[in-house]
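K.L.:
As you go down the protein sequences, you meet chains W and G in turn.
For the first sequence, my numbering assigns the number 1 to the initial residue and increments by one for each residue that follows.
For the second sequence, my numbering assigns the number 1 to the initial residue and increments by one for each residue that follows.
Take these hints with a grain of salt, some might be off.
[Unchecked claim] Calculated cross-link-like contacts (lysine to aspartate or glutamate; reagent style EDC-like; alpha-carbon spacing at most 20 Å):
hint : chain 1 : residue 1 : chain 2 : residue 2
1    : G       : K254      : G       : D160
2    : G       : K254      : G       : E80
3    : W       : K298      : G       : D129
4    : W       : K298      : G       : D187
5    : W       : K298      : G       : D128
Source of the hints: derived by calculation from the structure; they are not laboratory data.
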Amino acid sequence: MTPAGARPGGGEAARVGWFPYALIAPAMLTLIAVGLVPFLYTVYLSFHEMRHAQIGDWAGLSNYRALLLNPRFWHSAGVSALFIATAVPLAFGLGLAGALILNRGICLRSVIIPVRFVPTMMAPAVVAILWKIMLAGSWGLISYNVIERFGILTGTSVLASPALALYALVLVDVWQWTPFMMLALFAGLQSLPETPYRAAAVDGATALQAFRRLTVPLMMPLMVVIGLLRLIDASKVFDTIFLLTGGGPGTATESVSLFVYKRVFDFWDLGPAAATAVVIWVMFFAFANGFYQVARRKLGAF
Amino acid sequence: MASIKSLAASSARSKESEGASTARPGRSRGGRRRALFTALAVAWTAVGVFPVLWMAVMTVKPEALMFARPPVWAFTPTAEHVRHVLAEGFVWNLGRSLVVAGLSTALVVVVGTPAAYAFARFPIRRRDDLLLFVLATRLAPPVALVIPFYLIYARVGLLDTYTGLVLAYLTFNLSFYVWVLWSFCRDLPVELEEAARADGYSPGRVLIRVVLPLLRPGIIATSVLCFIFAWNEFLYAFMLGGKAVETLPVAVPKLITSQGVKWGELSVVGIAALAPIAAVVFVLQRHIVRGLTMGAVKG
Numbered sequence: 001m002t003p004a005g006a007r008p009g010g011g012e013a014a015r016v017g018w019f020p021y022a023l024i025a026p027a028m029l030t031l032i033a034v035g036l037v038p039f040l041y042t043v044y045l046s047f048h049e050m051r052h053a054q055i056g057d058w059a060g061l062s063n064y065r066a067l068l069l070n071p072r073f074w075h076s077a078g079v080s081a082l083f084i085a086t087a088v089p090l091a092f093g094l095g096l097a098g099a100l101i102l103n104r105g106i107c108l109r110s111v112i113i114p115v116r117f118v119p120t121m122m123a124p125a126v127v128a129i130l131w132k133i134m135l136a137g138s139w140g141l142i143s144y145n146v147i148e149r150f151g152i153l154t155g156t157s158v159l160a161s162p163a164l165a166l167y168a169l170v171l172v173d174v175w176q177w178t179p180f181m182m183l184a185l186f187a188g189l190q191s192l193p194e195t196p197y198r199a200a201a202v203d204g205a206t207a208l209q210a211f212r213r214l215t216v217p218l219m220m221p222l223m224v225v226i227g228l229l230r231l232i233d234a235s236k237v238f239d240t241i242f243l244l245t246g247g248g249p250g251t252a253t254e255s256v257s258l259f260v261y262k263r264v265f266d267f268w269d270l271g272p273a274a275a276t277a278v279v280i281w282v283m284f285f286a287f288a289n290g291f292y293q294v295a296r297r298k299l300g301a302f
Numbered sequence: 001m002a003s004i005k006s007l008a009a010s011s012a013r014s015k016e017s018e019g020a021s022t023a024r025p026g027r028s029r030g031g032r033r034r035a036l037f038t039a040l041a042v043a044w045t046a047v048g049v050f051p052v053l054w055m056a057v058m059t060v061k062p063e064a065l066m067f068a069r070p071p072v073w074a075f076t077p078t079a080e081h082v083r084h085v086l087a088e089g090f091v092w093n094l095g096r097s098l099v100v101a102g103l104s105t106a107l108v109v110v111v112g113t114p115a116a117y118a119f120a121r122f123p124i125r126r127r128d129d130l131l132l133f134v135l136a137t138r139l140a141p142p143v144a145l146v147i148p149f150y151l152i153y154a155r156v157g158l159l160d161t162y163t164g165l166v167l168a169y170l171t172f173n174l175s176f177y178v179w180v181l182w183s184f185c186r187d188l189p190v191e192l193e194e195a196a197r198a199d200g201y202s203p204g205r206v207l208i209r210v211v212l213p214l215l216r217p218g219i220i221a222t223s224v225l226c227f228i229f230a231w232n233e234f235l236y237a238f239m240l241g242g243k244a245v246e247t248l249p250v251a252v253p254k255l256i257t258s259q260g261v262k263w264g265e266l267s268v269v270g271i272a273a274l275a276p277i278a279a280v281v282f283v284l285q286r287h288i289v290r291g292l293t294m295g296a297v298k299g
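Build the full structure now, drawing on both the sequences and the hints.
P.N.:
Below you can see the structure in the form of structure tokens.
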């Protein structure tokens, strides 16, 4: 697991003594300044009363109590949970299917892969424009030709429907991130060893058996790592929701990110906002740690 | 040496697997299957890319036909939307985006490259904790970070400045760069560096003369991804920027006015923001997977 040159003998280590630390110092100091300091400042804010962006008295845990008693916070947590629970598995399933198809040695692979990858690399602002065109009013391309034609919803946009707006956002997210899942899983499939599959073919295993008994177990660590990464990103989703629905109609699509945003920049309710930020920060650290441990121990990636 | 060998092995394996899955089960059956899967993949790609193409068409579609029922496929193109976008000065937004993304990427490469190399090569105390800190900074939710940034910037006068935005972008880009380039550094063969050392090179000279040239593909791939992230970024630019550093993504909401949405102009801005990204995707496809999975998948 440790890189080949990590332990270059005692004398050598003494000779390079300060050198590696000089190399990492600029980067680590910068990251402390732009990452750790803002975090600690947020923690500090979350324990104080905030009035009109002025730091007031020590407030103890009252900001956290206000947050936990706020039904709107729990509503936004539910919205985020529903969003993640539908968007991530859908993108994962479609991505896996795509990866298995790509892995069949199809023609045009070198064209299909980059073309399919474009949505993933698109700016969220552009994604929002695109889907506004598709889903706008009752006259957007999909609104009129699909949604109205099949009588799902008439006279309005799905993005203005309290019941369906969140699923429209899920669709957008799945559209954007399926290619990422596909390519990451495809890269994993390409690096699987050949021998077990030969042995399985000799034993007369069907394709489905080979998939269940070989592909799934061999790919498991990679799938966990990719899934976790996507989970982290999906729970941060802000831009597309902000630009497509702004959290509405009402609070129907107000995810945790939008909840925090509105606390701060609409209501100047900084104390509880800081408390929320700290809570999600801690949650993210737990996710990041999970990703790190699995990728390191099971995948030998780091 | 090692990397060349493994590259050759992997390309041989992929060729072999392609051959195996196509040629084995009888010619005609395999051929038909292959055609079927190809058709499936092409159809699936078409569905995925269709909205982008539709938007591209809308950049030259006359206003009256945009949402015609049923949709109009043939029309005389108009340059009206492009002209409006140019007249309203969106070229400046494009320029600002270039400056912010370019500056922040350059800074990241200068500061991050030595760190990534050091993490891969030298015994550093508490290395794992430091790396986890780097990763956590990368994965931190931006909406939580933008609060302290906004308050601190308001106090020190960094709101709506290039410096402020470039510094804020370091949070996610520097951590990303160090983390992913670290994965490229671990793939470098150590023998060349050892030979250079034996020839009496100082550690600093080894880094500049031996490591940097070998690492160039990794540096280019990772820094281009950093550029894309900065180019695409919305939340920081929206909150910490303003009139002076209004980047292209932030200009989008301006076109959604109370009088209605300027669809043609939105499409033009969208395509302008997308074009460089699409070009990059074609050039870098393998490295993108590695970058986006934080080095967990070699691509």
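K.L.:
Determine for every hint whether it applies to the structure shown.
P.N.:
Against the structure, the hints:
1. G:K254 - G:D160: holds (17 Å)
2. G:K254 - G:E80: holds (18 Å)
3. W:K298 - G:D129: Roughly 19 Å separates the two Cα atoms, so the pair holds.
4. W:K298 - G:D187: holds (19 Å)
5. W:K298 - G:D128: Since the Cα atoms of K298 of chain W and D128 of chain G sit roughly 16 Å apart, the hinted pair holds (cutoff 20 Å).
In terms of the numbered hints stated before, the structure departs from none.
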